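Visitor: Residue numbers (this note's numbering), protein chains in the order written: chain A, 1047 to 1411; chain B, 1047 to 1411; chain C, 1047 to 1411; chain D, 1047 to 1411.
Hints in this document: simulated from the structure, not taken from any laboratory.
Because the structure is a prediction, the values reported are computed rather than measured.
Every residue gets a Cβ at the ideal spot worked out from N, C-alpha and C, and that includes glycine.
Worth double-checking, as some hints may not be accurate.
A few chain C residues facing chain A, derived, Cβ under 7 Å [said to hold, decoys possible]:
hint, residue
1, S1048
2, E1060
3, A1064
4, V1069
5, A1075
6, G1076
7, L1111
8, T1120
9, Y1158
10, H1159
Protein chains: 4
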Amino acid sequence: MSWGNTLKLTIFGESHGAAIGAVLEGLPAGETVNMDGILEQMARRAPGKDLSSTPRKENDRPEILSGILNRKTTGAPLCAVIANTDIHSSDYAELRNIPRPGHADYPALLRYHGFNDMRGGGRFSGRMTAPLVFSGAVCRQILKRRGISIGAHVLTIHGVRDTPFNPVTVSAGLLDRLSTCCFPTVSPEAETAMRAEIESARQSLNSVGGIVECAATGLPAGAGGPLTEGVESLLSPLLFAIPACKGVEFGAGFGAADLFGSEDNDSYYFDGETVKTRTNNAGGILGGITTGMPLIFRTVFKPTPSIAKEQDSVDLAERKNTKLAVHGRHDPCIVPRAVAAVESAAAVCLLDLMLTYHLIGGERT
Amino acid sequence: MSWGNTLKLTIFGESHGAAIGAVLEGLPAGETVNMDGILEQMARRAPGKDLSSTPRKENDRPEILSGILNRKTTGAPLCAVIANTDIHSSDYAELRNIPRPGHADYPALLRYHGFNDMRGGGRFSGRMTAPLVFSGAVCRQILKRRGISIGAHVLTIHGVRDTPFNPVTVSAGLLDRLSTCCFPTVSPEAETAMRAEIESARQSLNSVGGIVECAATGLPAGAGGPLTEGVESLLSPLLFAIPACKGVEFGAGFGAADLFGSEDNDSYYFDGETVKTRTNNAGGILGGITTGMPLIFRTVFKPTPSIAKEQDSVDLAERKNTKLAVHGRHDPCIVPRAVAAVESAAAVCLLDLMLTYHLIGGERT
Amino acid sequence: MSWGNTLKLTIFGESHGAAIGAVLEGLPAGETVNMDGILEQMARRAPGKDLSSTPRKENDRPEILSGILNRKTTGAPLCAVIANTDIHSSDYAELRNIPRPGHADYPALLRYHGFNDMRGGGRFSGRMTAPLVFSGAVCRQILKRRGISIGAHVLTIHGVRDTPFNPVTVSAGLLDRLSTCCFPTVSPEAETAMRAEIESARQSLNSVGGIVECAATGLPAGAGGPLTEGVESLLSPLLFAIPACKGVEFGAGFGAADLFGSEDNDSYYFDGETVKTRTNNAGGILGGITTGMPLIFRTVFKPTPSIAKEQDSVDLAERKNTKLAVHGRHDPCIVPRAVAAVESAAAVCLLDLMLTYHLIGGERT
Amino acid sequence: MSWGNTLKLTIFGESHGAAIGAVLEGLPAGETVNMDGILEQMARRAPGKDLSSTPRKENDRPEILSGILNRKTTGAPLCAVIANTDIHSSDYAELRNIPRPGHADYPALLRYHGFNDMRGGGRFSGRMTAPLVFSGAVCRQILKRRGISIGAHVLTIHGVRDTPFNPVTVSAGLLDRLSTCCFPTVSPEAETAMRAEIESARQSLNSVGGIVECAATGLPAGAGGPLTEGVESLLSPLLFAIPACKGVEFGAGFGAADLFGSEDNDSYYFDGETVKTRTNNAGGILGGITTGMPLIFRTVFKPTPSIAKEQDSVDLAERKNTKLAVHGRHDPCIVPRAVAAVESAAAVCLLDLMLTYHLIGGERT
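Based on the sequences and whatever the hints tell you, model everything.
Guide: Right, dumping it as structure tokens:
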């Protein structure tokens, strides 16, 4: 349930309970935490910024319960709590009998014997990524001081495509810029076209999905290991923990299926004293270990399952087929908001790796 | 490093050490283990069957050290050891200084400070999947007795494509057939065309990759959970532990990025007393929990990095650029052999889920 | 850091931070939680009840953030938070340079490079057992509904001794009575004598320790396993997590060193249809597995290290020897308050065992 | 089931199966392993050395399957296997129906539904400590090169008492001497008297137990943490995993129950530039963290339950009371052989601590 090796992340809460939050164990003591930087990241994930997202207003100011004193980590578990406010639970009353297609309603009913908190999606809500973004924001600051930058962009929305990262030359500057945007794209035109696509879906009572591409620069070579010790095996569970994520690929990813070995292999050369590769189909990982080249990966998010269009479903009480239209406040596309969650998963994972392989330690800032 | 919740899998060994093996903890006591069925699965993964794979002859008969008595599990950890034989280590002498592109040589050198066993790829070798296939074969038998079938096929090889699974109607019969084939495809023509593509790559001293599609039927709804408790978060680390795996997707996967919500959502209906969905873009998982529909996922494997073509690399001792041609015995395509590993990862994962959520227990066979 | 197999317990917080709390993952859904019963247990641990404990007034009403809806568990992680109030942090100002003997001050300084929150003992405070008692109170209710009772008493305080449990005939009735007392003893005279001993220590500016003996009845045989799977290996880390605990023994414990095998072995007999033992030197555990006889164990707590008497210490800033007298509010004896923590550790451990070995499940209340 | 944080120890096997063994994951790469030193430790645990132990002849030469190349660790999991030889399984035929008092027979029957391998005690046999001693011997060598010595002695056997360690002045020299003895005592007279006590028990068809006291010197201060992060919470599960262990105490242990705080507190002073304590009732641990003073702990082992004297038991097939005399080869006292197991648990635990808290790393030998 909890995740991690040196760093352990535990996320608790349900969408319409009292609060949600995270406990992050294993942070080194003495690391400065900048609250403004954290709030900036949480705002990227928060809904209600414009028409592309749900109008629910979240006032997601995390309260630090432990682990930070005088703006520095104490080495004790860091617990942050985010109160649930602006809750309209009456919207969810009928869902216990008529499960929404594409949502966890039906399997969760069986898993929890009907006792799970379904209000607002409960523990399956996209809101559960807020504690992940909080945690990632803390880790990101620690990594940034060691020269590691993490950033992501919306690569596609329903077929509309941004310029992909150049996996060899992607720069800290670009990643730093993207990692402060609410709708991050490499090309400004892509954002405009994607917003139009989302608005079009919204107007037709529908929703769309897309792909997030993430990169990290400044990583030392030598972190990770073979088999389940690999970077991919550490990072993928956190990415799949983000609701609506249906796929994860590293480097050339699924595209590698169409390459020859001679095309896919990244050949080595000396750039001054540094060993680099001329291409980066590996996405910065070979044998589960960082190569020192940029980390590159992509995650796909399915269209928001909550759509106002009428859908077929079943009435579990009456044991018969029925129709359902989902009301309430929903994003026509959660991909832009998922970017901060993806970056955060990467940040938590990379800090865990740096600590586990003794690449961070000793020095304090 | 080790993997699992109720079931724990630990894989040890290096390609050219004395032996490789697995320890599987948490198996229920009293389960019949059929050794012939295990050997059949291990033969699927073994090399040397034809021109599409490396001529290395592995005599992969696992020796059971513990956990089985009179063909039944005792409830103690099951340890199986596979001796390493037919080893030609002289092939690997120069690699410590000149890392092979696409292999773990260079990052592993940094990770292990030069002390790792590089012979035959060491712990990064595809041979390390043999203990996984052994473990999966044991788990598969336990699942099969509860009506759960697991099978996979080669979906693509370098652009040549097999008929994909119908995610709604994929049958136990088909999966059972595929799970005994060495080059499993739904369509016989696809196998012929793929073999030709692989042979063509081999003759041009090159290699090709591809995609494996896996399915499981007979799963009960209600296993898994949200966030890192999800089926995807449990299974993906095991899949990425298979060498050369660069991507994992469930259900519609990356294709979901191009769908509307109204297309992607799988609508419910009653099939007699059973709740089913008309489509299965979810791949049998919603909110990290099994829905009762077939589990469907895909993994991509990059082309074998060992190619006889000359490649650019670096001489780490001389600190200069150099050329490298990889000699030795290598598969021009590892995808057909990876099928058994993929199915095995699924089997281990699904048995862990069944045990964790108390869906298997009590009864003995 | 976190603890458990099926159930995972994570405790966060520091004594004088904003709050302390616990996250308990893996609880079955649909279990009724009675808040009054929880508060009753927390009151037993709380200080300020009489002269035998610190006058600090804790208003330890836990706030449930998640995991409970309509008084029933939802199956999501249960997070409870207890605010830190009545804090007098100025008492602790000089401790960073002059470590208190018997406290964690000095090793914690090295462990956390001076960044740990020392106020009120920080994360080393006995106050950190409040989240454990909360968690134990929840688990105890679930166990109680299955006929499992847990109770403990103060066996000794500085040589004053209560009547020990009869390890064969200890009854649920006795355990239920003890588990609601604030100073639980089998014999009323023992409580009186112990209180006198504690008061005497208090008046001489000193402190005393003692031993807590705990039992559980109603346990089914067959939970646990050999080696680190054993009940002792699961329970002992939780007991040693209670501050000031310096030893744990099961059944005859250290006394077994003076017995012959013929004395120590508990012989079997049929009591009607039930297999029982005539003695219970095993303390209800053989080979790490419950035998069905009462679980019996003892833990020792050292005297409170905070004493008003002047002691030798060092001045780490001046690098010289010095004297120290610890001011502030402290218990002359923490043993009576530790009883609830010991019982709680047992409750959490036993519920984990019942869930792991499928001895609880299915039925709901 | 498996144990550890940075280092993970998995022990597999059953007494009369094909083999037993251990997998130790997380060892740093490049550490020299001296096989003679390992065999020396394993010989200490092996039976058959004299009349005080079972005449079973074990030829316990571990075979290294992985993780070591050219006498140095590779960083891959270290797997060692010890074949089971000299097996007389016919001795154990009747035990399935008539459980031996003091053994795991009865609870294991319930735990494993009758499918566990009971021959030779199966997984509950004292033989299962051989892989622990192997693992400890490897870790001990790594620690020794960093100036950490671990040694233990037989403190008591059935009331006969050796000179206890002086917890302040116990020396590496003494520990190094003890850690090569088969019957280690501080005082030679104690060994003589203890051997006489054991022989006396043997002749009366009985058995005796005792206490092992263990110490480690050269530990840096600052390893460990509060609550379940503590040294005691890490070490105690490994100690309780040793069959027949019924209690564990640190420093003054249960004796602390009779001390005043002013007696128990260890006062600090400067010994040159080093902070030390004048006494060491803490046993080298405060708040779960090493203080830099010697680590001191004690474990008690009950008398061998296998005795030739007739005992009361039950016939589970006939459902009636019966008598039982245990035949076969058994130690009248396992305490001297347990010493190597206790030291080994300490060695594995201390190396895990040193790695987790970054106190070992970087340098190679």
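Visitor: Under the constraints set out in the numbered hints, which ones does this structure not fulfil?
Guide: Structure breaks no hint.
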